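Student: These protein sequences, in sequence, are chains A and B. Under full-length UniProt numbering, the first sequence is numbered contiguously, ending at residue 188. Under full-length UniProt numbering, the second sequence is numbered contiguously, ending at residue 188.
Rather than coming from a laboratory, the hints here were simulated on the basis of the structure. Take these hints with a grain of salt, some might be off.
If several chains are the same, the list does not tell them apart, and a pair holds so long as it fits within one copy or across any two.
Computed cross-link-like contacts, SDA-like style, restricted to lysine to any residue with a CA-CA straight-line distance of at most 20 Å [unchecked claim]:
id : residue 1 : residue 2
1  : Lys84     : Pro8
2  : Lys84     : Pro22
3  : Lys75     : Ala187
4  : Lys75     : Leu31
5  : Lys118    : Gly36
6  : Lys118    : Arg56
7  : Lys84     : Val47
8  : Lys84     : Val179
9  : Lys118    : Pro5
10 : Lys84     : Val26
11 : Lys118    : Asp23
12 : Lys118    : Phe9
13 : Lys118    : Asp14
14 : Lys84     : Gly123
15 : Lys118    : Glu163
16 : Lys75     : Asp23
17 : Lys75     : Val186
18 : Lys118    : Leu6
19 : Lys118    : Ala10
Keep in mind the model is a prediction, meaning the values are calculated, not measured.
Listed below are the residues making up each chain.
Number of protein chains: 2
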Amino acid sequence: MTSAPLEPFAVTIDFATGALVPDPDVLDRRLADLDGYFVADIDDPGVGAYTVHEVRVPPTGNNLLSSTTVLAPGKVGDEYFFTKGHFHAIRDRAEIYLTLSGEGLLVMALEDGRTVTKEMRPGIANYVPGHWAHRSVNTGTTPLVFYAVYIGDAGYDYATIAERGFPVIVVEGEEGPEVRPNPRYVAS
Amino acid sequence: MTSAPLEPFAVTIDFATGALVPDPDVLDRRLADLDGYFVADIDDPGVGAYTVHEVRVPPTGNNLLSSTTVLAPGKVGDEYFFTKGHFHAIRDRAEIYLTLSGEGLLVMALEDGRTVTKEMRPGIANYVPGHWAHRSVNTGTTPLVFYAVYIGDAGYDYATIAERGFPVIVVEGEEGPEVRPNPRYVAS
Numbered sequence: 001m002t003s004a005p006l007e008p009f010a011v012t013i014d015f016a017t018g019a020l021v022p023d024p025d026v027l028d029r030r031l032a033d034l035d036g037y038f039v040a041d042i043d044d045p046g047v048g049a050y051t052v053h054e055v056r057v058p059p060t061g062n063n064l065l066s067s068t069t070v071l072a073p074g075k076v077g078d079e080y081f082f083t084k085g086h087f088h089a090i091r092d093r094a095e096i097y098l099t100l101s102g103e104g105l106l107v108m109a110l111e112d113g114r115t116v117t118k119e120m121r122p123g124i125a126n127y128v129p130g131h132w133a134h135r136s137v138n139t140g141t142t143p144l145v146f147y148a149v150y151i152g153d154a155g156y157d158y159a160t161i162a163e164r165g166f167p168v169i170v171v172e173g174e175e176g177p178e179v180r181p182n183p184r185y186v187a188s
Numbered sequence: 001m002t003s004a005p006l007e008p009f010a011v012t013i014d015f016a017t018g019a020l021v022p023d024p025d026v027l028d029r030r031l032a033d034l035d036g037y038f039v040a041d042i043d044d045p046g047v048g049a050y051t052v053h054e055v056r057v058p059p060t061g062n063n064l065l066s067s068t069t070v071l072a073p074g075k076v077g078d079e080y081f082f083t084k085g086h087f088h089a090i091r092d093r094a095e096i097y098l099t100l101s102g103e104g105l106l107v108m109a110l111e112d113g114r115t116v117t118k119e120m121r122p123g124i125a126n127y128v129p130g131h132w133a134h135r136s137v138n139t140g141t142t143p144l145v146f147y148a149v150y151i152g153d154a155g156y157d158y159a160t161i162a163e164r165g166f167p168v169i170v171v172e173g174e175e176g177p178e179v180r181p182n183p184r185y186v187a188s
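Using the sequences plus the hints, can you model the full thing?
Tutor: Set out below in structure tokens:
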């Protein structure tokens, strides 16, 4: 397969806000888009949960897709706001999350339900190996901003998490964030 | 091909210095390692030019390799310090450079000698598409620090640049950095 090389280009990232310049492709997720994801009911579906600002290149295995995500602080019940979370459609594709601002947790899960949780704070580069579903959770009081890079052909499988839930939830406990089993998780 | 998933892990990056924690694998390039790369002769081969701090994962096409590079300020003759520069062994593999500190230029070249130069400064994410050799140049007075992410099986072809030179050089001109044709470049 030979195709003409892409032209080099650049985007500028505001590390504090996650804003991209240029920013051609913004995904805006409201709580309404997360209906059914939280244990508690959503009070105000119009509240913004997160935006994803994507750098577009052809989604092929020789390219790298990248984006910033800006996840608002907040809770539904005692669960902190989170991203939907997904597996890659091509399961073995890796991803890197570099946190730029804010604080949170990155929860990751294999299809067999095993989970690993890692801290997110500015300067931490989290490696999400292939086969691990990944969801970011804002446990702080300011937006959680991170930069993600992944292999162009990875694709997205949101359906598995939408249907089964994530194996763990992150709630505000007496002494800070607590990772607990998700009572609504459907084991495979 | 099925192999057990890697375990998630994290490294912490100091955006000001490029230091990684943990930092298991540091490459230390002195001017002696760049003998023959500059137009002028090197006065002091022991001077440090750059260090590369690599995050190690298996170098396969489903993984992402990543590293920080810390390129010292300085000049050899009127040429600013630069990294050796390379093509990827698998030519079509892309790379992203996110500048964290300092200022410089990213010079890129196709094998036919066509070049593109882009600015590097904190917050700029440069996309280096497949087929473009890439070299970073520190045009400032402080270390140039950037974070690179590339596809795990990309590999390195340093020999082509070592043998033919880079099509352009970056020199200190009357009014700042100037990109000029490399008098020693060997066109294909």
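Student: Each of the hints needs a verdict: does it hold here or not?
Tutor: Checked hints:
Within a single copy, Lys84 and Pro8 get their C-alpha atoms only as close as 32 Å, which misses the 20 Å cut-off; across copies the closest is 19 Å, which meets it. Proximity of Lys84 and Pro22 under a CA criterion of 20 Å is satisfied in neither setting, with 25 Å inside one chain copy and 30 Å between copies. For the identical chains of this complex, Lys75 and Ala187 are neighbours neither inside a copy (25 Å) nor across copies (61 Å), given an alpha-carbon limit of 20 Å. When the C-alpha separation of Lys75 and Leu31 is checked against a cutoff of 20 Å, the pair qualifies only within one copy, where the shortest distance is 10 Å, while the shortest distance between copies is 54 Å.
In the homo-oligomer, the alpha carbons of Lys118 and Gly36 never lie at most 20 Å apart, since the shortest distance is 24 Å inside one protomer and 45 Å across protomers. In this homomeric assembly, Lys118 and Arg56 come within 20 Å of each other (Cα to Cα) only across copies, at 18 Å, whereas the closest approach inside a single copy is 28 Å. In this homomeric assembly, Lys84 and Val47 come within 20 Å of each other (Cα to Cα) only inside a single copy, at 15 Å, whereas the closest approach across copies is 50 Å. Taking the shortest Cα distances, Lys84 and Val179 sit within 20 Å of each other inside one copy (16 Å), while across copies they are farther apart (46 Å).
Proximity of Lys118 to Pro5 under the C-alpha cut-off of 20 Å is restricted to the inter-copy arrangement: shortest distance 17 Å between copies versus 37 Å within a copy. Taking identical chains as interchangeable, the C-alpha atoms of Lys84 and Val26 lie at most 20 Å apart only when both belong to the same chain, with a minimum of 16 Å there against 37 Å between chains. With identical chains, the CA atoms of Lys118 and Asp23 are at most 20 Å apart between copies only, with a shortest distance of 18 Å across copies and 29 Å within one. Proximity of Lys118 to Phe9 under the C-alpha cut-off of 20 Å is restricted to the inter-copy arrangement: shortest distance 8 Å between copies versus 32 Å within a copy.
For the homomeric pair Lys118 and Asp14, the shortest alpha-carbon distance between copies (18 Å) is at most 20 Å, but the shortest distance inside one copy (24 Å) is not. In this assembly of identical chains, the alpha carbons of Lys84 and Gly123 never lie at most 20 Å apart, being 23 Å within a copy and 27 Å across copies at closest. Proximity of Lys118 and Glu163 under a CA criterion of 20 Å is satisfied in neither setting, with 24 Å inside one chain copy and 45 Å between copies. For the homomeric pair Lys75 and Asp23, neither the shortest alpha-carbon distance inside one copy (28 Å) nor that between copies (36 Å) is at most 20 Å.
Taking the closest pair of Cα atoms, Lys75 and Val186 never come within 20 Å of each other, the shortest separation being 23 Å inside a single copy and 61 Å across copies. Taking CA atoms no more than 20 Å apart as the test, Lys118 paired with Leu6 passes between copies only; the shortest distance there is 15 Å, against 35 Å inside one copy. Only between protomers do Lys118 and Ala10 lie at most 20 Å apart by alpha-carbon distance; the minimum there is 8 Å, versus 30 Å within a single protomer.
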